[in-house]
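Two independent chains are provided; combine them into the complex using the hints.
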Amino acid sequence: MASTRAKLLIGGAVLASLLLVGAYLAAGGASYEPLKSQDPCKPRPWRDPQGLQQLAEQFTLSALDGAACQLGVSRETLARALATDKARERFAEKYGIDDEKLAKAIRAGLVRAVDDAEEAGALTPFIAVPLRGALQNIPLEQAIELVKDGRKIFEGASGILGPLGGFLEELIP
Amino acid sequence: MNSPRPRVAALALAVGIVLADSSIVVLALPEIYRDLDTTVAGVTWVLVSFNLVMALAAVPAALLARRLGPGRTAAVGLAIFAGAGVACGVADQLSTLIIARCVQALGGAAAVTAALELLPATVGSERRAAVVWAGAGATGAALGPAAGGLLTELVSWQSVFFVQVPLALAAAVPILAVARDEASTQIIEAETRSAGRPHLWANLALAMISASIAAALFLLVLLLIEGWRLTPIGAAIVVTAMPVAAYFGSRLSSFVPSERARAAAGAILVSGGLGGLALLPHASVWLTLPPQILVGVGLSLVLSALTETALSGRAPQAIHGGWTISARHAGVVLGLLALTPIFTHDIEVQRREAIDAGTAVLLDSPANPLLKIEMAKRISERLDDEEGKVPTIGPAFEPLPDDPEERSEVVGLREELQDQLDRGATHAFSPSFGIAALLGLLALIPIGLARRVDL
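For the protein sequence lines, the chains are A and B, in the order given.
Quick note: the first sequence, position 136, residue 136 per this note's numbering, numbers continuous.
Quick note: the second sequence, position 91, residue 91 per this note's numbering, numbers continuous.
Careful, some of the hints might be misleading.
These stretches of chain A come out as covered by chain B in the derived footprint (C-beta under 8 Å, 3 or more residues) [what the hints assert, rightly or not]:
#	segment
1	9–18
2	24–32
3	76–86
4	97–104
5	107–117
Simulated from the structure, these hints should not be mistaken for laboratory data.
Beta carbons are placed, not taken as given, at the ideal position from N, Cα and C, and that holds for glycine.
Extracted from the complex, chain B is given alone in its bound form (with noise of 0.2 Å):
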């Protein structure tokens, strides 16, 4: 007898490799940025243009999976999420990379709604599918940053998307094998006209969650590279905590069998954690480990279980899983772009409150006042090389003083100024965390309201 572990196992790469691609790029962006000489706005639709066209292809492609049979619908995904990575991978303009992404998630959406429809014949249950299908989707979305991070230090940018070519294809393959009994063709249309409504209040708790998360991510990760000059690969290892405290969350899902407390649980750690990323008391990594652990836990908890009430007792799973997937879509691409000119304009304010509290320290600093007017002629340069970013001003003092008082004094200023930066780089953050952490707590609304449907 054929062991399901393998199909079950294809399917479950599938969805985590096209969930996962929503954020994978995130810590690729900045290299893309520089790499394709684009601006900020261009290059955060990267990441935009895949999730909106997730969100307004899904339901489409599960009506697809439905009419010309999930197997198919979900190689044929595969593939051309495969073919639409390779075309990410070699582009050398933005606007080639976003018109493959587009088509990427075109791909990705027929796959991940087909493989919803394809697994409840492999696991033995329509529940037990949603809980795999929910997990597989959860740990894609956590995982993404940290691979892509890596990936991209390591190797290019463009690997990001190459690496993912061989793992759809190879999740393709027990696909194809996968044999199925094909309804007819009117009993699909039968059974695709009788659907009924999405749930209402999942999705739109999941719409608010996953805006809310997306915010999690992103901001944390431009925090780090772009406000703390971190590498990718220094920040792909600090946004690790995030995918391994969503393991241990997804433990505990199996100790409350509850949706709803578990939604609710996991909405108030995910706002929770993203109101202590407000207000990080110091610019240091450390103090984001906490913060990262609840929304970890929390986004395990949340995401699986608001994903299981909105597919519990509706059928056909495809097209309702085609609705959950639409609306954490949908949230990601609203809360991206209702939080972009918020940051960005709060980054150029804090950046030059920045600037004039450090002049102000060199200025009122005890140091001697000619070595002051040298320093402050070489920041000033070092500020036009920087413009429109979050300066580094560590080179201005190279090289330091012979004299070991006046080094001393030199060393001091570069401390007192680099902390003036942190300070304005990590509270240029602050606003764009809390609001996403009130939207996680506005998403307890839906959630009160939101009923499972009993089998």
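Bound-form chain A, shown alone (with noise of 0.2 Å):
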């Protein structure tokens, strides 16, 4: 009798600990995890851009991947740096990337937007030369501005492409 109550306890005491521990794994407990950063330097798919203001944001995001991809950090991390000074001179400080590195790794990530813009669909040629130009030599702030909101580089007169950003405008819907 003492050995059965024995037995049935240690049974009992097993039973339980596999049925919760196999109910939470059912329940996806091992992969209960935040989602992983995407490696910046793969091609993201664009969403298809209605409108300029969407068009903008593609390639801003375009902008981040090829920057963070030229810098060695993900994407969200390159995208928190520019949220603030402050931010960017922590960046800065942890990661050892003065402001002409910075500098050339946002002119190769608004290039590498560019060119994913015209893979997209989203730039034709005629636009998207000119555009790779305008980019290569803009000022860091300047720079960061357009990877902060893209449709500055499209909006008139002010915009890098000026007068043709204007026209740009006037193209997509």
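Here it is in structure tokens:
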């Protein structure tokens, strides 16, 4: 009798433990973790942009990917670094990236964004070629502003394309 | 005829308070950390120092109790414990608090080991004494975190120490009044010399399972407060599941006389519960309840069974009781010291990954891009303010926009971002819970090797 009770107790403990662990595994316990960051050097498909605002957003995201790839960090890390001046200073200190390196990376990112836009059919070569040329030489601060809000590339005479930007605005629904 | 019940209650209370003290401060640690302006590693020593001194002082305290008289030793021990408790409560520096905790542990070790020497004469048999002693200790350890959380939230962290003072003094009064025939010095020395070796396997299993249980309590409290941002009182309410389950587990002990079976079943349940905590499928306090129930039932079974095994057939009880106290607290110390660097590293890694995941959610969300830029700036500032901690991002979304569509977008974003942070926090503790579960399973080896010496 005592031996039976002992076996029942141990058996019950094993069963209860296996049921709990099994139930939590089946409910996805082993995979309950944050989304993993995608490698920024791998191409990311564009959502079909409807209008200038969405085009600018897709452009910005591609630029972030391109710049992050150049710097060897994730797109998300770079996005946070560019959000405020304090974040940018900390980023520069942590990764040893001076303004020159950052400028080069952001320009490279913007050029990649033009390539991605052309690949997705959002920009024709007629626009893409001069745009690449313009982006390769812009100052760092302007480059950062463009990454933050890609519409500035296209907006009228104040945009980087100047009058060409205004023309583009007319073309895009 | 004097009823022994008040003395039994006093002795059980003394054991319960002292052994609760190894875990009662867990829920007070975040408040102590902020109040005394110290580091995470520093504040962990408030917990570790007590357990370390208990581990080192238990056997010498037992020898002292045998030499000076257990009644006097227990009373003086409780007085030192109470006095040091006051010193803990008024401490305004971490170093003072840690020193006071060490003194508390010295007094506590004396009281607990002396109590085991007094119990057989009070309850009628050594076996019954071991059951009462082990049960009081297990109950104290299980109730500690919940009591600490309630006191911290309702009053202050200092009250966690102050409240122990009247309880310790109340326990000391009946103990002083205990009439006991003191053995002559020669007899005490002879008994002490022939105390015999401690029960190796039972004590080793106690150390391993104590490390495992310490992880269950400490890590769960940290997950609830630092990971999921519950208040101390909220966390205290959640962790009451463990002592409640422990109470029902203690009822099971009377149905199964085999100590080895109870110890094995208890270790399996503790491991299973910790395995469940390592595999939480969602950041929900309800999902911590089934694992807590398993751990609670398991700890009451295994701690009492192993303590009884370690004490059975061995004399004097106080010294062998001292060995079990040393084993348990050494296990707690080793468990905390081994797991602390692991989970602090994992918390930092998961924090970064969760923030990256949240940023990705923000970047890829279909919300208005201008809104996203504004949110990104606010969240970045919020993260700056909460450097080094699992962040709360709710305030970054206040005030919500007036436009209903934008408001809906912002609320959706907030929920998705918080989900990623919750995932990160929960996942950060998984490896540590898993290691603790493994320790519990490994304790089955010495449990299997432990044999009770029949009286």
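Quick rundown of the hints versus the structure:
no.: 1; hint: 9–18; verdict: holds (count 8)
no.: 2; hint: 24–32; verdict: holds (count 7)
no.: 3; hint: 76–86; verdict: holds (count 7)
no.: 4; hint: 97–104; verdict: violated (count 0)
no.: 5; hint: 107–117; verdict: violated (count 0)
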